[in-house]
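Enquirer: Chains as they are written, first to last, in this note's numbering: chain U, 1 to 672; chain R, 673 to 990; chain E, 991 to 1473; chain Y, 1474 to 1694.
Read the hints as simulated data drawn from the structure, not as lab findings. The C-beta atom is built at its ideal place from N, Cα and C for all residues, glycine as well. Please note that the accuracy of each hint is not assured.
As the list claims (entries may be wrong) - Not close to chain U: a few residues of chain R, all C-beta gaps over 10 Å, as computed:
hint: 1; residue: Arg677
hint: 2; residue: Leu695
hint: 3; residue: Ala705
hint: 4; residue: Leu826
hint: 5; residue: Asn866
hint: 6; residue: Pro874
hint: 7; residue: Ala875
hint: 8; residue: Ile914
hint: 9; residue: Phe918
hint: 10; residue: Gly929
hint: 11; residue: Cys950
hint: 12; residue: Met961
What the hints assert, rightly or not - Simulated DEER-style distance windows between Cβ atoms:
hint: 13; chain 1: E; residue 1: Glu1354; chain 2: U; residue 2: Ser475; range: 43 to 51 Å
hint: 14; chain 1: U; residue 1: Gly366; chain 2: E; residue 2: Thr1090; range: 55 to 63 Å
hint: 15; chain 1: U; residue 1: Met604; chain 2: E; residue 2: Val1436; range: 58 to 66 Å
hint: 16; chain 1: U; residue 1: Val23; chain 2: E; residue 2: Pro1435; range: 15 to 23 Å
As the list claims (entries may be wrong) - From the derived model, a few chain Y residues whose C-beta atoms are all more than 10 Å from chain E:
hint: 17; residue: Leu1492
hint: 18; residue: Tyr1504
hint: 19; residue: Val1569
hint: 20; residue: Arg1622
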Amino acid sequence: MTIDVSLFLWAVAALLATAVVAVALGRSASASRLVYGATLGISVVAVVMLMAHLVSAPGEISMVRLPLGLPWIGAGFRLDALSALFLLIVNFGGAIASLYGIGYGRHEDAPHRVLPFFAAFLAGMNLVVLADDAFTFLLSWEFMSLASWALVVSNHRSEDSRRAGFVYLVMASFGTLSLLLAFGLMAGPTGGYAFDTIREMTHAPLTVAIVFILMLFGAGSKAGLVPLHVWLPLAHPAAPSHVSALMSGVMTKVAIYGFIRVVFDLLGEPAWWSSAVLIMLGGATAVLGILYALMETDLKRLLACSTIENIGVIFVSLGLALAFRSNAMGWAAALAFTAALFHIVNHSLFKSLLFFGAGAVITATGQRDMEKLGGLIHRMPWTSFAFLVGCVAISALPPLNGFVSEWLTFQAVLQSPDLPEWGLKIIVPAVGGLLAFSAALAASCFVRAFGITFLGRSRSPAADQAHEVDRFSLSAMFILAALCLAAGILPGFVIDALSPITQALVGGSIPPQSNAPWLSIAPIAESRSSYNGLLVFVFIAVSAWGAALLVHRLASRDVRRSAAWDCGFPDARPQTQYTAGSFAQPIRRVFGTLVFHARETVDMPPPGDMRAARLTVETRDLAWDWIYTPIARGIGFAAIRLNRLQFLTIRQYLSLVFLALVALLLVLALWT
Amino acid sequence: MDLIRDLFVQGMQMAVVLLLAPLLTGFVRKIKARLLRRQGPSVIQPYRDLARLLRKEAVLAENASWLFRVAPYLIFASTWVAAALVPTFAGGLVFSWTADLIAIIALLGFGRFFLALAGMDVGTSFGGIGSSREMLIASLAEPAMLLTVFTLALVAGSTQLSTVAALMSSPEVGLRVSLGMALVALIMVAVAENGRIPVDNPATHLELTMVHEAMILEYSGRHLAMIEFAASLKLLLYLSLIACIFIPWGIAAPGEGPARFALGAAAYLAKIGIGAFCLALFETAIAKMRVFRVPDFLGAALMLGLLGTLLLFVSRSL
Amino acid sequence: MIALPFEAVTAVLVIPIVAAAVLAALPGYRAAARINVLASFLTFLAAASLFVTDRPETGQYLFVDDLNIVFIVLNTFVGFTASLFSASYIAHELETGRLTSANLRFYHAMYQVMMFGMNLAFVANNIGLMWVAVELATLTTVLMVGIYRTHEALEAAWKYFLLGSVGIAFALFGTILVYLAARPFIGEGHDAMVWTLLVEHAAAFDPALLNLAFIFLILGYGTKVGLAPLHAWLPDAHAEGPTPISAVLSGLLLNVALYAVLRFKILLAANPEAIGPGPLMMTMGLTSLIFAAFMLYRRRDIKRLFAYSSIEHMGIIVFAFGLGGPLANFAGLLHMVMHSLTKSAIFYAVGHVAQIKGTQKLSEIRGLTETHPGLGWGLLIGVIAIAGMPPLGIFMSEFLIVSSTFAVHPLLAIPLVFGLLVAFGALLMRLTSIAFGEPTGNTAPVQASYLPMYAHLALVFGAGLYLPSALVGWFQNIAGILG
Amino acid sequence: MYGNLSFDIAHLLAGGLVLVSFMMLYQDRLYALINTYALHALVLSLSVAWQALVQHAPHLFVTAAIALGFKAIVIPVALHRIVKRLGIHRDIETVVGIGPTMLAGMGLVALSMVVILRITPDADPLAREDLAFALSVLLLGLLVMVTRRNAVSQVIGFMALENGLILAATGARGMPLVVEISVAFSVVIAFIVIGIFLFRIRERFDTVDVGALDEFRGERQ
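Please put together the full structure from these sequences, using the hints given.
Expert: In structure tokens form, the structure reads like this:
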């Protein structure tokens, strides 16, 4: 059966209605339960419909045009393979976030500032993916930004979240304006804003190039491409955790959807250098993002920064797909594109999981600062387990899903020698190295995150009194963890589900995987490369379990508890533990001076002085120092200068009028 | 019939690595002792250690969590699986397609991930030192390793170990400058990954210098045994990896007679022996470097790997 | 079409005048306020009836065409809501004693006179008459701006008055020049000032004379549109007058002047040899946009802030009309309507806010959404709308303007977008500090009339999502007229 | 019927108006300025009267009368009293020196000539030449406004400007509404004068003290 797109429009309408109801409910006690319940229901229905669509008729396209929006073209909506996938991501993310919210929402102190916008936010993201003309697309896009902005400033009393909201919305509208220019250029003076019209047009190479760059600005600023990422570490953490999960896990994907829709679908064939640009930007983003994450001590900011890294990875694969496609290497392009899509799915899974975990930690301890956490594995065993799964997944380690997409990306990188352009030949392996580097750094970043937050001994009373969170939150986390594992050990099915999209957009697809022996995946040929998540999982599980069994049977099984050995330092205080800062110190030493202009100042008290020594580390984000601060300064300067015009005297104002008149007369005298 | 034999071969391989690993460690120690004009413990001392540790009761710190107890088995298992997938005396193992080179590296990464976590679990300062330094080293070693893999994969057009080995043994691969670089890089990585001198000293317990030892400081009894075992497996893995890629001769092709297998085994033992000897020689010859020199060391490896990949385009003949 | 017993047009003019007379005579302010509302409402009905009734034949003095109907209806509607708002506003002013009932008498009378002047300017077919009407409206507003008799108010009124008078003079000179240009072809006397005739014969006119005329006209009327650098009167007049008048100024008076400019643009466009008015208008529009955008940053007074944003939007509108072409003209028209509605709604909110907090200083107004949700969220929606965010009407017009600009003159789009972004930043910064944060000042609940504000916002919201096809057709052929 | 003579006289008077404007530029004492303005108005009224004569437009006489009675007599007297009342008759109140102002005036006249002379001559000459003078008068009046400090002289500048308008309006043959316009303007001017008088807007209207303006505008910077 094929699902008609109008059904999803009904879902959107229902979400908007929920938002209205939420406004009506205001601060009432049952509000959060009701609203999250409603959004959960709606999203689940949408997910079910999408599943049905994907299994039955993945390639089917259904369109509808409503007499809304721009009068002469109306508002078009379209459901095809690509939008189906992203709808699935959006609605699943929405469903799981709502489930989490049912529990988490109880702790909201101002629900009336969250609930309406939560529903509206979901609706907006759905609309972006469904939109089929420039106006509807941008309207939904901006609406999405607006709703999420409201969520970011929901905790409006804190200066930080207000600032975050400001930076966020300014960047967002910068992005929107670039998209607007891009669409304006594509639509041409006649105003052919419908996507079909744009598709049919053939664009001049210059146009294509400009549109491509504008798309980099527009979609990149929303997805968090370096150096347009500055808002992301501020805004994502400022929102309530389940919203952060949505923003990081889903909204960035919607941004990428926009990029794919325009660059791969609407726009013609970009020149090869554009793929090179994409690949290099992606590589830089990946490495810088994860380095930022390593420097963070705020758990949620750390997660937000790692989102930047994953976006970089995704953009690298997209760039590869673009490069291969423009050289008519169908299956290689398909491989790269599959890698990108797979990673999109994966990231939406484990990033939501991790943010939920962070949210649970915050609910339990009221702390976001890792330096004040620790030892939570004893008090929050379930949360910590789920979080651990997320960490393993995002660190691209087998047998979980993160590794599969990373692996596919590497396989795509290995196809680069067949590219004719020498530039790409050289760049791609180097960027591959960068990817490996960022993956390794990600591992250490999440060892740090998990180790400092959950392991060791608690660094603050708050962490001492922590206790496990409610079962809604837990169930949300465990569903995600299970999916991470499933996608990791049965990647073949996912890849096959993605093939219609690659077929449609890069004109090729990799051989079907799910019927391969032992459910292993071999994107090109088994002789060249293959991976079998299932067997790896089974092997590890069996041998670990077997080893444990044997040891316990044949050798010793008894355990004695005693004080930690610690090279003979008895019962040292928790302060002696390694902190997040000290864990990151070696890496900061090695890369910090280059990337962050990191500066360490040690204040060592003289002998006999009992005050504690302290080490202060200052890291700077060069994007701010080199781009944004100067711009802000420039605007401020201009504002101050021009502001003098507010304080002229009437005579001076008259002189302005006089001068304007004389100038115009002169023009008239000289030109005509 | 074939399947059974393949399974048998695979099983033998897994058993072989398991049995051989401690011996290798002992062998290296012996040679090092000899080079230092010491008598040194017997070659089979590691087996005795393992047995003793296994029999002892495990002492856990008060706030050690379940992770601390599970980690050793996970580490052991992942390392073993990785080691079992590297062709030792016979190629074309029945499960070789389970994981290619990239996956094998990732498996080792899996082990390291949990080792580092275990190091931080008890919440001592040394555990932290160890984990953080280990992750620093890994963050440079892994990309270097992957770049060497790229080099090989681009030469062989595959990341499948048995395919690579088969191609390397075939005459059409002449001497290649990039292969040489890959080899050097791989060796440097191996040294770093196994915590050997000059990166780390497996024998030291001098607090400020240790990396690997610092992480497992809190371990005892069977858990320690498992980790030590995993360590020696890892060493063996790297040696046989280098062996099967760069000196692939003598590896029995799939589906050949037992005689051929015996020959392969002999060749394999010889290679490992030579490798072990070189390692010992190297370790006795040079001194351990400061922790913050390690990045330079590995950075060099990284550069070599990248250079190897890029030079392929100059020297590429395939 | 329906035929009314009376001429809708004359009704639009007569009702305000009569009302003005009555109000001037009437002492009590409550009744006066009610009558004021009633009269405005009747005027609005009469204007609305222009849609359905058959139009009067074009006379020598008055006429009705597609273009000015839009303006009249918008004008009378906002005039009506503003009168509603002012009814609840002045009550408070009386309590605080800022205004005496004598003032109010004058105020109401002037209000109606002003409405009369503006309506007259719209329906006038004679450029001389149009000039007189515009000036009448201006002078009345001058008096209203000065009504508080405070030093600042007088200073603002004075500045407005002087600059306005110079504008008046320029506009008149331009009008005379047009007459001179027309006389040889139409003949002496009134006919040479009848706009419809002028357009017919414009092709033959002397281009040099027309060019000169247009320069004086755009400077003269542009002063009232508030184009930089002729804008000086605008911020202070908005800030110091009563808020209903600020709303009317931004929402209506600027449109009146704009309307005049458009009329003459059409005239000029009808003559092939004359300079195209486009480039001039685009330059002035962009200048105003960017200038106002920067000026938004250092504002400390909430009403002045939105006054500058009016300058900014007038700049955008003039730019759009200067750009020309069906898309841009449509967008410009839409933008003008949306701006009138939104900006007046904002001023309705601001008026009450200023009354509650007893100050217009931005620094002393915080956390409104917390203390006064009705006003706070209303203001927030209004500012978001004025900043061009969806799903509100201005987004659509800005979408059309920017995208069509980029398609036609890519280079012009860059300063345009830059200006929009800069202005957006300033507005958002202010909005964040007004609507959010720790509440300050008086947090007592307020009895405000939300109806006008939310009515406008609802209209703007609706227009952002759906434009009735009739309206669209209407606007499109106006866009055709504007060329 | 008067033929060329009418043109010459009209031309002469218009030129005279420009000349008087220059004289106004030259004055730097308030009383002198006011007197010169009276002269300006007088010349204007003469020229308007002449136009009324040649155009057979009796209603223009009204305008002439207004110019004569109101502008040439009432206003100057009123201004005299204001100046005395405000005690500002001693000020030297030009912003820029006389010389530059004169040069600027020359430039403006030249400019207006250039602009006007592009107009095709077949529009009747009288209108054309008159227009040139009217434009110059207008620009010169504006120049007075922007080069003088205090309110009174700004008003005078404005009135000079407006005289230019009247000149143009009357020069345009058969132009309707002229009388109304002149009346309207007289009202406006009356407003201004009364404004100065009532609101005690002192000479320092053009203050450079931003602090004072600050307080005026309620903007805290």
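Enquirer: Are the hints correct? Go through all of them and say.
Expert: To see whether the hints hold, each was checked on the structure:
no., hint, in the structure
1, Arg677, "holds (18 Å)"
2, Leu695, "holds (19 Å)"
3, Ala705, "holds (26 Å)"
4, Leu826, "violated (6 Å)"
5, Asn866, "holds (17 Å)"
6, Pro874, "holds (17 Å)"
7, Ala875, "holds (16 Å)"
8, Ile914, "holds (19 Å)"
9, Phe918, "holds (20 Å)"
10, Gly929, "holds (24 Å)"
11, Cys950, "holds (27 Å)"
12, Met961, "holds (14 Å)"
13, Glu1354/E x Ser475/U: 43 to 51 Å, "holds (48 Å)"
14, Gly366/U x Thr1090/E: 55 to 63 Å, "holds (57 Å)"
15, Met604/U x Val1436/E: 58 to 66 Å, "holds (59 Å)"
16, Val23/U x Pro1435/E: 15 to 23 Å, "holds (19 Å)"
17, Leu1492, "holds (21 Å)"
18, Tyr1504, "holds (23 Å)"
19, Val1569, "holds (19 Å)"
20, Arg1622, "holds (14 Å)"
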